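Please build the complete structure, drawing on both the sequences and the hints.
Throughout the sequence shown, residue numbering follows this note's numbering, covering 5 to 422 in sequence.
The reader is advised that the hints may include incorrect statements.
[As the list claims (entries may be wrong)] Derived DEER-like restraints, expressed as beta-carbon distance ranges:
{"no.": "1", "residue 1": "E199", "residue 2": "E336", "range": "24 to 30 Å"}
{"no.": "2", "residue 1": "S383", "residue 2": "S43", "range": "51 to 57 Å"}
{"no.": "3", "residue 1": "Q387", "residue 2": "S43", "range": "21 to 27 Å"}
[Claimed, not checked] Keeping only pairs whose Cα atoms sit at most 25 Å apart, straight-line, the calculated SDA-like set for lysine to any residue is:
{"no.": "4", "residue 1": "K261", "residue 2": "K382"}
{"no.": "5", "residue 1": "K141", "residue 2": "N242"}
{"no.": "6", "residue 1": "K139", "residue 2": "K225"}
{"no.": "7", "residue 1": "K361", "residue 2": "N294"}
{"no.": "8", "residue 1": "K230", "residue 2": "K205"}
{"no.": "9", "residue 1": "K33", "residue 2": "F168"}
{"no.": "10", "residue 1": "K382", "residue 2": "D298"}
{"no.": "11", "residue 1": "K205", "residue 2": "D194"}
{"no.": "12", "residue 1": "K122", "residue 2": "N59"}
{"no.": "13", "residue 1": "K361", "residue 2": "G409"}
{"no.": "14", "residue 1": "K261", "residue 2": "I137"}
{"no.": "15", "residue 1": "K47", "residue 2": "K36"}
{"no.": "16", "residue 1": "K36", "residue 2": "D403"}
{"no.": "17", "residue 1": "K105", "residue 2": "H18"}
{"no.": "18", "residue 1": "K53", "residue 2": "T91"}
The set of hints was computed from the structure by calculation and includes no laboratory data.
Here the structure is a predicted model, which means the values were calculated and not measured.
Where is the CB? At the ideal position from N, CA and C, for every residue including glycine.
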Amino acid sequence: MSKVLLIPVASPLHNPFLVGKVLNLYQKKLDKIIDSSLSLIIKGEDLEKLEIDKNVLGIIAPLTGGTEHIIQHISEKCGFTLLVPHTSMNSLPAALEAFSKIKNAGRSWIILEWPPGKRVQKFAKAWRTISEIKKMKIGLIGEPSPWLVYSSGEDVEKNINVLFEELEILRIDVSEVYQEFSKISEIDVDVLKRELIKKTKAIRIPEDEVAKSLKIHLSLKKIIEKYGLDAVTVRCFNIITDLDTTACLSASLLNSKVSMFGCEGDIPALLTMIIFSKLAEAPSFMGNINWIQDTTITIAHCTAPLTIAEKFELDNHFESGRGVGVRCYVPENREATLGRLDPVSRVIRYVVGRTIKKPVQEKACRTQLNIKIRSKDKSKLAQIVEESIGNHYVVVFKDISEELGYLARIMGIRLERI
5 MSKVLLIPVA SPLHNPFLVG KVLNLYQKKL DKIIDSSLSL IIKGEDLEKL EIDKNVLGII
65 APLTGGTEHI IQHISEKCGF TLLVPHTSMN SLPAALEAFS KIKNAGRSWI ILEWPPGKRV
125 QKFAKAWRTI SEIKKMKIGL IGEPSPWLVY SSGEDVEKNI NVLFEELEIL RIDVSEVYQE
185 FSKISEIDVD VLKRELIKKT KAIRIPEDEV AKSLKIHLSL KKIIEKYGLD AVTVRCFNII
245 TDLDTTACLS ASLLNSKVSM FGCEGDIPAL LTMIIFSKLA EAPSFMGNIN WIQDTTITIA
305 HCTAPLTIAE KFELDNHFES GRGVGVRCYV PENREATLGR LDPVSRVIRY VVGRTIKKPV
365 QEKACRTQLN IKIRSKDKSK LAQIVEESIG NHYVVVFKDI SEELGYLARI MGIRLERI
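Here it is in structure tokens:
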């Protein structure tokens, strides 16, 4: 299990009163960020008693100078070390000397923030996000859709295994969905349907289509429970052809809560959803880059978390004209981060902007987000097209730039801000 530990270090020649005073401030400010604080380390024998391993983020507090060698030894034991110096007693000089030595291993960083607060908290959140993903079990229901020629395949999965090590991807045949579908009680479906219809602004399809789509939802929930899955991505177009309905509504319902539902078997997009959602502590939306005009990106899909919408409607699925597609209307002027993890080129690409209102396109997926980026440079967004890393991008309604920077640092990948 991953832990975040405060590890205070000081020279044997330290002033106990002054060091104790500063250490108390570290502990007070980091109390809600760390799991625990270790005893003060001042000599080599103290290091031998340390019970830390690669599951630990060590937040090292260099309380005095003359601690560089101790910091170096601690960094060799931890999964990652974060140096957080303070403003006196030669703390920063010691941190700089030690960081110069340990930084090339790619498992350390330094933050100047005194007293420690939001920046350290965001770094710890990024660490926990990566650690939690490595322990996850993701269900791939059906193989990735055949049109995901860049976003699936052996190379993609090999690089995901390198980046997330212990992450388990469990392959589940889509026929299991069909088996569960045949067992779902009409009474359970009817209860869900009545609750949903009360919240819906408009329904443009027969209610029996809603019921059929909710049967898919309950079927997928059964599979998630059966295998203990933390997230799923589904070859959803097979469900359309075989059961004449869609999984879009299920994606909307599951993504409104804790479970993560990705579309079309796109594992990199699902991982991006999980990362963005954890960093923002909010639901994430996955969609197609529908169009780019000047400094505005339109991203669309036939599903979105209902909790991001000021109102929503139920229509049919755009491409097939069958089942249920969900049209969510998102408030104007919401801050948003749009991006994608590409495990092959080892990059997280992202852009920050705000939502704007535009007329709904009928010849596009039902939920349509229009995000105007901060830059006035029209050429910026050309990178999404000319240096493409896949079609599906993810949106959260928060600026997570700083968190993404820390996460990329921890993962050892590039961060590319457009």
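Structure-based check of each hint:
E199 and E336 have their C-beta atoms about 28 Å apart, which keeps the hinted 24 to 30 Å range intact. Checking the proposed 51 to 57 Å range against S383 and S43 shows it holds: the Cβ atoms sit about 55 Å from each other. One distance hint, 21 to 27 Å for the beta-carbon pair Q387 and S43, is violated here, with the actual separation near 49 Å. Simply put, K261 and K382 have alpha-carbon atoms about 36 Å apart, too far for the 25 Å limit, and the pair is violated.
With a C-alpha separation of about 23 Å, the suggested pair K141 and N242 falls inside the 25 Å cut-off, and the hint holds. In summary, the hint linking K139 to K225 is supported, as the alpha carbons are separated by about 20 Å, within the 25 Å threshold. A hinted pair counts as satisfied when its Cα atoms are at most 25 Å apart, and K361 with N294 qualifies at roughly 15 Å. Between K230 and K205 the alpha-carbon distance is near 34 Å, which puts this suggested pair outside the 25 Å criterion.
Restraint check for K33 and F168: not satisfied, since their Cα atoms lie roughly 31 Å apart, outside the 25 Å limit. With a C-alpha separation of about 5 Å, the suggested pair K382 and D298 falls inside the 25 Å cut-off, and the hint holds. Our distance criterion of 25 Å between C-alpha atoms is met by K205 and D194, whose separation comes to about 19 Å. For the hint pairing K122 with N59, the CA-to-CA distance comes to about 22 Å; that is within 25 Å, so the pair holds.
At most 25 Å may separate the alpha-carbon atoms for a hinted pair to count; K361 and G409 exceed this at roughly 29 Å. Among the hinted pairs, K261 with I137 is consistent with the structure: their alpha-carbon atoms are about 17 Å apart, no more than 25 Å. Our distance criterion of 25 Å between C-alpha atoms is broken by K47 and K36, whose separation comes to about 28 Å. Restraint check for K36 and D403: the C-alpha separation of about 22 Å stays at or below 25 Å, so the hint holds.
This hinted pair checks out: K105 and H18 have alpha carbons roughly 23 Å apart, not beyond 25 Å. A threshold of 25 Å between alpha carbons decides the hint, and for K53 with T91 the separation of about 29 Å lies outside it, so the pair is violated.
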